[in-house]
Amino acid sequence: MILSTLNLLITGLILLIVLGALLAPFESLGWWAGWFGEKPAPPRPDQAAPDARVTEHPAQSALVYLSGIGAIDAASIPQEEIDWGKMAVKRLPGVLVVPDIYPYSVTNAGLTADRTFSKVYRWMEQRRLENPYDALQFVINLRNLFQVAVSADRRYGPIYNLGVANEIVKALQSRGYRVGSGKPVALVGFSGGGQVAVGAASYLAPLLQAPIRVISVGGVMSDDPGLNHLTRLYHLYGEADPVQKLGHWLYAGRWKWFPNSDWNRAAAAGKIEEISMGPMGHNGAKNYFSWTAFTSEGTSHAIATIDKIGDLLAQDGLIDPAALQAARAATDPEARAYEAARIAEAARARASRP
Amino acid sequence: MLDFIRLMWIGTIEAMRLNPQAFAYVEAENRTGTVVLAIAIVGGASLLLGQSVILFVNRVRPARFVLSLLLNGIIFTLSLLVWAFAIWLTGRILFPNAIPFATVARLVALGAAPYVFGFLVLLPYAGNFIGKVLAVWSFLVVLAALTTLANGNFGAALICTTIGWVIITVMSATIGRPVIALRNWLWKRLTGSDMEASVQDLLTQFATSEQAEPQRDKGGRR
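In order, the protein sequences belong to chains Z and G.
Numbering-wise (the working numbering), the first sequence opens with residue 21 and increments by one.
Numbering-wise (the working numbering), the second sequence opens with residue 37 and increments by one.
Same shape as in the complex, but just chain Z (with noise of 0.2 Å):
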């Protein structure tokens, strides 16, 4: 009796993930086709009025963060990235950063926007905030895992990375980028933020008419055109982040045996970097955002991170070095002082488990 009912919730449970990849691609198409919606297509925004009230941003660069497969919508990620991010900004000087892209949507509305099941995300979205670790986050890593393989389907992929691409560049437009001024730019996607950072760059190419570069950290990337349209792509990855590594294994268009595929001729053309970040994983306590574990040059992961982002932009004139070295130095002591928060915090949590 307890077996069948097992076997039951299983197979129920399977019937539902694969109702679930069957239906990803819906959200694109349909966008696309105008079946939610009587939009007959989305307009190019390089060849919309610019808005008058926004003024040219004077960055003479700008970096779009694409966040990881837990993010509910721009706003509502996993905290590690807000911490992170917020660091990220203050240590990445003179740069436009535009952090407010939810990835996982061609029309960059989050989970708990107009959606069927929005109420559903919101009960998700506050037990994350009374837990981090809670399980139901399953749900949500899955419907964005399905769209990141929709990113990167050669079928899906055109429409899908359009919209993104659509989005980011409105969002560059209302933080004062000017399209045609050919400032580059700099995309940076954790886990599948990486392909669908990739993916866009198909499009953001001959939208922005700039150089675009993707960093990606712990990224799954696929063997995705968009890689024909970028100046550089740098892959960080830890060393103890087997999710990374997905990438590699299950994308065959990676495979060394694929000589002409799109990903081996850019790594042969140069374009493609991976850079090792030690000991890092791709979740847990030792993640590329962690404030609590440190490389053995006693950086914490975070820091790490963010500055050896600061170190490619510098490295390729996308900030400048010595504004790089003053903001480091700026704000070592609030890293220091959160990292210490941060373990202080992780001890008392440890202190008060049974």
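Worth flagging that the hints you see were computed from the coordinates, not collected in a lab.
This structure is a prediction, so every number in the text was calculated from the model and none was measured.
Built from N, CA and C at the ideal position, the CB exists for glycine as well.
There are no misleading hints in this set.
Estimated spans, in silico, between C-beta atoms of each pair:
1) Ala60(G) / Gly50(Z): 44 to 50 Å
2) Phe278(Z) / Ile46(G): 40 to 46 Å
3) Thr205(G) / Phe278(Z): 24 to 30 Å
4) Trp275(Z) / Arg67(G): 50 to 56 Å
5) Phe175(G) / Trp275(Z): 25 to 31 Å
6) Leu194(G) / Phe278(Z): 29 to 35 Å
7) Thr205(G) / Gly304(Z): 50 to 56 Å
8) Gly69(G) / Trp277(Z): 43 to 49 Å
9) His268(Z) / Phe190(G): 39 to 45 Å
10) Thr198(G) / Trp275(Z): 29 to 35 Å
11) Leu194(G) / Lys265(Z): 39 to 45 Å
12) Glu294(Z) / Phe131(G): 57 to 63 Å
13) Glu293(Z) / Thr198(G): 46 to 52 Å
Calculated lysine-lysine pairs in the DSS-like style (CA-CA distance at most 30 Å, straight line):
14) Lys203(Z) / Lys110(Z)
15) Lys265(Z) / Lys168(G)
16) Lys328(Z) / Lys110(Z)
17) Lys203(Z) / Lys328(Z)
18) Lys265(Z) / Lys328(Z)
19) Lys168(G) / Lys276(Z)
Incomplete in silico selection of chain G near chain Z, CB under 7 Å:
20) Val89
21) Phe92
22) Arg95
23) Leu158
24) Leu159
25) Pro160
26) Tyr161
Based on the hints, put chain G in the right spot on chain Z.
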């Protein structure tokens, strides 16, 4: 109605299991024709559902979307019948026999059974692979069904199936062109979409400009 659906399901599963008893039953019983026909139409519709990205790209409205699925089911069934005819003709010439065309048609139409799961082609990323698996499976069903029909003579079944397929391919590129053009015209009239437009074709206008042409456009036609 429920009984009919149950029979369709059994027919689909047994064909996919390459069950010789099921093939023998379909061979012997003329009345299985309706069930087999329904499997073929559902297979065609399900396959198009799996490949429906082309309908979305063409911005087909929901009502026409459903119509397209049905139409594809019928077109798919007709193409199976043409294949069956080529196989039947090959068999008649190379291995003289008195097997009626209707029997061959029923067994070849069973080749649509794996495509009942054609909707799985929708699955992001894995879908393309599943599509290829279903195509091979479909061929195996036809081959197994014809082997049963040829009293276990696998060689004869393989020769007829392969030559039949070659005939269809050659005809499609030569004298069959007007038929394909008619099919495409009918499709466009009913669904309002082009059967062969690629995703890149339709997005190119949006995504690129003359000043910033992509370096390479894989698979897209200009």
